[in-house]
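These protein sequence lines are chains F and C, in that order.
Every letter in the first sequence is one number past the one before it in UniProt numbering, and letter 223, counting from 1, is 223.
Every letter in the second sequence is one number past the one before it in UniProt numbering, and letter 260, counting from 1, is 260.
Heads up, some of the hints might be wrong.
[Unchecked claim] Facing chain C, a subset of chain F residues (Cβ under 8 Å, in silico):
no. : residue
1   : Asp90
2   : Phe95
3   : Ile133
4   : Thr135
[Stated by the list, open to error] With a cut-off of at most 27 Å between alpha-carbon atoms, the simulated DSSO-like pairs for lysine-lysine come out as follows:
no. : chain 1 : residue 1 : chain 2 : residue 2
5   : F       : Lys36     : C       : Lys99
6   : C       : Lys155    : F       : Lys132
7   : C       : Lys93     : F       : Lys132
Since the hints were made in silico from the structure, they are not lab data.
The C-beta atom is built at its ideal place from N, Cα and C for all residues, glycine as well.
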Amino acid sequence: MPLSTQSQAEDEQYVLVASLDNARNLSNILRAIAFKDHAIFSATPNGLKVTVEDCKCLQANAFIQAEIFQEFTIKEDLVGFQVNLTVLLDCLNIFGGSTVPGVSTALRMCYRGYGYPLTLFLEEGGVVTVCKINTQEPEEPIDFDFCSANVTNKVILLSESLKEAFSELDMTSEVLQITMSPSQPYFRLSTFGNSGNAHYDYPKDSEMMELFRCTQTQTNRYKMSLLKPSTKALALSCKVSVRTDSRGFLSLQYLVRNDDGQICFVEYYCCPDEEVED
Amino acid sequence: VVTTISKLTKMCVLRLTPDNLFFVLSGKVANGGVSMWCELSQLSVYPPSMQANFFDEYQMEGVSSEDNEICLEVTPENLSRALKTVQSAKTVKVKLTKKHCPCLTIAAELPTLSSVSRVVTHDVPVDVIPRRLWHEFKEPSMPDFDVSIYLPPLKTMKNVVDRMKNLSNFLVMEANLNGEMNLKIETDLVSVTTHFRDLGNPPWGDDASQDGGPSQRDLEAMAQARVDIRKLQQFLMGQQVNPSKAMCNIVHESVVHLILLHEDVSLQYFIPAVA
């Protein structure tokens, strides 16, 4: 049952059809936000947005534009559903995620609409696997009300520099403190753990700093446990933008290049830790 | 071979006859009803010039001249570990000895930098099985199967089964005489079916035909069995070498019989179906 011979008539019933020659272009980016079992899928003619939330304090979004897909057909302005992300990832990797060059799993994702399961057709080497994943009513994603107008501080860094810092972060510290300022220390990450305090400073004229736009000195603390999942997105990315707004909310935006060199975005929104008033 | 078996079972029986070695596991409840039969032919099928036998010297004397066999209970992992350490040996001798208890003694001559060889001895304890229990370890008969089919590449099967195991405890294996095999799982959350095509059916699979030969409809009829995924995964995990022939017989809703052939070794594995 090769994917390409699905009849026109069958396609008529689907409200969303998305095809990829290489399923890894979807599974890799979804893994970067897979810290909870459930994900909200929102599809529009622009592409696919997948949202995962935790404790109402953390939200991760992955954006895969329609252009990334070899085929992206949508019959409505907005198609939304919720699925178990862990199950979805297991299905996308059903053939074991081989690293043999030239061999990839092709994907055709189809959705008939409210109440129907999400159907995945995956093919590798002539073997076809069909997965039907049950969907639920999508929850409304939280609106963190983070708009560009309220952004007080913004930096764009090459991910390389942050990757090192994040891999060395003291995990015994309950919070990660981020200080951004137009003056020294410019951009600082701090931890307060069992073995003492650690600070990572990034000067504004460092070659790792692509953009530096800080208007006021701000220090905010965020729960380490909430930010830990973002390291997956960081690992995949080549650039990251760090922004805070007047309320101290944090926005991390990661620029990710997939296997074929195309660009996708992952963003994380995080509430500041309210216990500490700085 | 021994390493493969040690991955399949903790304890098994080694049966020695003048012509063959057999590793047997009978389908007791303790191992979930799974049974295994692995046969190593001492006398090669090929003419001596083409292929060496397993052993250059093979001498055995059974319990008596009528029952010319020996049955031993072994832990294959111990045997495998002992054999691993002597892989680079110049010569290896395996003897059945009696130390403080019966043992398979593996004596190996290992090469060293100097001219004097080192001799390493491993004693693997075994239990001798009395003759009255020998009937439990007889060669299994080929079951009256509904479908016989060649297996898809084991690596692909293993990858898929590994992932399916994350999603469900049970898997349905179904196949037909048209070279098609499906692996299916179904839970509250998800249903996944992997379709293998153009696998080919071994020639003896025509047994199930009615007079006039199987019709097209009969060819497509599926025989299926629902098995515990872990048992299937265990079987797939153990395969280190690509077998020259890999087949599967399915008795509808009863048992899955897997057969691997590689040079002089044949391995049969029976997985019972669950409701």
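Task: Numbers of unmet hints, in rising order - done: Per hint list: 4, 5 and 7 violated.
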